[in-house]
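A.B. asks: Residue-level listing of the chains:
2 protein chains.
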Amino acid sequence: MPSNQVPHLQTALKGPLLNLERHLLECRTEIESWFRKQFVATPAPFYASVDLRNAGYKLAPVDTNLFPAGFNNLHPDLRSLAVHAAQTAVTQACPITDGVLIIPENHTRNTFYLENVFALQTILETAGYEVHIGSLLEDLDAPMDIELPSGNKLTLKPLIRKDDKVGVTGFFPCAVLLNNDLSGGRPKILENLDQTLLPPMELGWANRYKNQHFKHYANVTKVFAELIDIDPWLITPTSVACGPINFKERTGLEELADAVNTMLQDTQNYYDTHDISCKPFVIVKSDSGTYGMAIMSVNTPEDILNLNRKQRNKMASVKEGLHVEQMLVQEGVYTFETLEEAVAEPVVYMMGSHVIGGFYRVHTGKTATDNLNSPGMHFEPLSFEDACVVPDDSLSPDAAPNRFYAYGVIARLALLAAARELAEAKGQA
Amino acid sequence: MPSNQVPHLQTALKGPLLNLERHLLECRTEIESWFRKQFVATPAPFYASVDLRNAGYKLAPVDTNLFPAGFNNLHPDLRSLAVHAAQTAVTQACPITDGVLIIPENHTRNTFYLENVFALQTILETAGYEVHIGSLLEDLDAPMDIELPSGNKLTLKPLIRKDDKVGVTGFFPCAVLLNNDLSGGRPKILENLDQTLLPPMELGWANRYKNQHFKHYANVTKVFAELIDIDPWLITPTSVACGPINFKERTGLEELADAVNTMLQDTQNYYDTHDISCKPFVIVKSDSGTYGMAIMSVNTPEDILNLNRKQRNKMASVKEGLHVEQMLVQEGVYTFETLEEAVAEPVVYMMGSHVIGGFYRVHTGKTATDNLNSPGMHFEPLSFEDACVVPDDSLSPDAAPNRFYAYGVIARLALLAAARELAEAKGQA
Chain G
469 MPSNQVPHLQ TALKGPLLNL ERHLLECRTE IESWFRKQFV ATPAPFYASV DLRNAGYKLA
529 PVDTNLFPAG FNNLHPDLRS LAVHAAQTAV TQACPITDGV LIIPENHTRN TFYLENVFAL
589 QTILETAGYE VHIGSLLEDL DAPMDIELPS GNKLTLKPLI RKDDKVGVTG FFPCAVLLNN
649 DLSGGRPKIL ENLDQTLLPP MELGWANRYK NQHFKHYANV TKVFAELIDI DPWLITPTSV
709 ACGPINFKER TGLEELADAV NTMLQDTQNY YDTHDISCKP FVIVKSDSGT YGMAIMSVNT
769 PEDILNLNRK QRNKMASVKE GLHVEQMLVQ EGVYTFETLE EAVAEPVVYM MGSHVIGGFY
829 RVHTGKTATD NLNSPGMHFE PLSFEDACVV PDDSLSPDAA PNRFYAYGVI ARLALLAAAR
889 ELAEAKGQA
Chain A
469 MPSNQVPHLQ TALKGPLLNL ERHLLECRTE IESWFRKQFV ATPAPFYASV DLRNAGYKLA
529 PVDTNLFPAG FNNLHPDLRS LAVHAAQTAV TQACPITDGV LIIPENHTRN TFYLENVFAL
589 QTILETAGYE VHIGSLLEDL DAPMDIELPS GNKLTLKPLI RKDDKVGVTG FFPCAVLLNN
649 DLSGGRPKIL ENLDQTLLPP MELGWANRYK NQHFKHYANV TKVFAELIDI DPWLITPTSV
709 ACGPINFKER TGLEELADAV NTMLQDTQNY YDTHDISCKP FVIVKSDSGT YGMAIMSVNT
769 PEDILNLNRK QRNKMASVKE GLHVEQMLVQ EGVYTFETLE EAVAEPVVYM MGSHVIGGFY
829 RVHTGKTATD NLNSPGMHFE PLSFEDACVV PDDSLSPDAA PNRFYAYGVI ARLALLAAAR
889 ELAEAKGQA
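First to last, the protein sequences are chains G and A.
First residue of the first sequence: 469, per my numbering; consecutive thereafter.
First residue of the second sequence: 469, per my numbering; consecutive thereafter.
Don't take every hint at face value.
[As the list claims (entries may be wrong)] The calculated DSSO-like cross-link candidates involving lysine-lysine, where the alpha carbons are at most 30 Å apart (straight line), are:
id, chain 1, residue 1, chain 2, residue 2
1, G, Lys621, A, Lys834
2, G, Lys630, A, Lys633
3, G, Lys505, A, Lys633
4, A, Lys505, G, Lys625
5, G, Lys505, A, Lys778
6, A, Lys747, A, Lys690
7, A, Lys621, A, Lys683
8, G, Lys505, A, Lys782
No wet-lab data here; the hints were simulated from the structure.
Keep in mind the model is a prediction, meaning the values are calculated, not measured.
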């Protein structure tokens, strides 16, 4: 049985499908029906990307990004999936709009990021919308053309406000797409708009906490695990919040070390009773913020207590100087996928409730316990399986290409957790 | 600029893009925005396939099938597009349904057709629906398993009626998908249902006339041609109805020959004023019904008057003995696409308003003026362009892969004509 609810993609792990993946495939129709109802009850955010780790015995999300970059890393073959999904998502948010304004991050030299904005603009234009980029850059007072390495040209225009609407000169559409995670706080120009902000500012890092996401995720997987009769641990990374912590001032470090210790012992207990011979580790990261900063992989509580000044300074600094107060202590999940002998972790992209593709974050200098979102990483787009070229696609359920289906399921469970965050935020707004 | 609103597919014609195709690509955003609004105003039928002919100077639909078979001929890489589109289309028709009942044609030995039903079932199951096949076969009183050449198994179940619903034992879903073109008339068991019949019976050949479709199509292309500033003739096959005609009794043949003559002369006039050096021809086919029967390609009015008994008998017989009364006289459009030296015509598949793929109908024994939907034809699925494997997809506008975009546009214009037929039929119902 093929499983093309999510695209039929090549994955790095080539061995036979593991029990969990096979079980997800077997329950396919039930799972899809369940997701459909869940996303009717709780609409998905406009877009998201989810970082996964596949340890074989456990497959879990470790980061859910609601302002995803990296659309340029998706395989071009998958572009029409993104275009279909974009039409559905924009129509759902603003049925009558003809245009979409994109508000990107304030990067002007990060060409990887700018290629992403260009890819996003192209997807929306191809879906039949007029698209302009309204930049929050403070010193921008005229349109700025940026030549991209791909040969394309991106034009950043100054974002202006007119009454209750933001836009660029002559263009104030109903739909405003945030591709800026608001780590620097909520820009005043975006407050109280009479436009549809996608996603709403409440989901920016100025308001969002990872531990809330993983609480929702644990609730989602509890129900889902019951539905398909699995142990929820197999798809859920144990996570607790810990803080306030000030790494520079060395306050709260004892409590953090205790939390790490508890997490390591709980994981060891689970490993022992389930014959898993790996060594537990714990990821400590800022409870808000992104960009792979303020994150570390620790093996003992002493790793926390013995941090040197440089390490503590690194943990204290996140993007745009957001102050670190609370940390997320999360069970480490090994990633046993490799691409050409380099450690790889799959990243899955969604628009609305649709999986539109993914790629591998690959790091040649890291190990299976490391955070791969760090300098030196590169990306490998996932392409359609060669096997698919055979017109008869009745591949056996345990064929490797079906592995990506499992990734799409776990990523959508994280998406559903984000949908609940969104519903909660809207309730508060 | 890539153009992945429709999938980026390989096409047979490898030369530079022709003026018309290039113009359609250039007007892409305008076109997509227009289609979006058109299909909001007039929802697309559940699915359709459109046969196209590409003469280079003219690109036009020649047949729009609202009960398409051939889903098994779509390239497996495109399956996820179909699954997304199916979710959207089913949700639009029946937001709360969990199941879909498919009512197929009464073929039990045509394994090509049955593979199509299996493909359709798989697409819908993958989209998260429970699917059963309810057969109209009169002598079927228990489920019948059919082993398919692909190795898959299709189960036909007897269709039963319970009050205002049809279904199979224990399964009476809200959504009933007709994959039966009703050439044999409207089955009584399907009348006055309290379920959503997709598409409604009014679009079956028992009620539908091709000349009505092409009238709507001409109205659609008139507006569209104005929008993008082209001559509507470039995308519209001139069509007139002619009848009643009885080939067996030889009545009405003079009028038919006159209509052919007028069409040939009009076409020749157009060719003369536009420096087209081809010889005009005309297609004469039954105004209702399908399956490539009762269709002929004629070069002179005498071809009609000099038909021998065998030819007249053939023209008088259509599928399931539907009585031929009216004929459609249609300007012949050359197809200059070839695959391995055989004449080919592209067939484009849509679900809802989304293009989900296509294939080539190829006939090694035919010429550029022949009807290719006849014994001896075979199918070549369209796959993704090799060029797309390059991560940077900034292909130049005149790259060959973009040709399929033009096909997707013309096919959707025919789909819009069908949507208007549907709206008209619903207004009458």
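A.B. asks: Run every hint past the structure and note whether it holds.
C.D. replies: Going down the list of hints, with the structure as the test:
1. Lys621(G) / Lys834(A): Measuring from Cα to Cα gives roughly 47 Å; hence the hint is violated.
2. Lys630(G) / Lys633(A): violated, 55 Å
3. Lys505(G) / Lys633(A): With a Cα-Cα distance of about 24 Å, the restraint between Lys505(G) and Lys633(A) holds, given a limit of 30 Å.
4. Lys505(A) / Lys625(G): Holds - the C-alpha atoms of Lys625(G) and Lys505(A) are around 28 Å apart, at most 30 Å.
5. Lys505(G) / Lys778(A): Cα-Cα ~58 Å, so violated.
6. Lys747(A) / Lys690(A): Holds, at roughly 25 Å.
7. Lys621(A) / Lys683(A): The given pair, whose Cα atoms are some 42 Å apart, is violated under the 30 Å limit.
8. Lys505(G) / Lys782(A): Cα-Cα ~52 Å, so violated.
Of the numbered hints stated above, those contradicted by the structure are hints 1, 2, 5, 7, 8, listed in ascending order.
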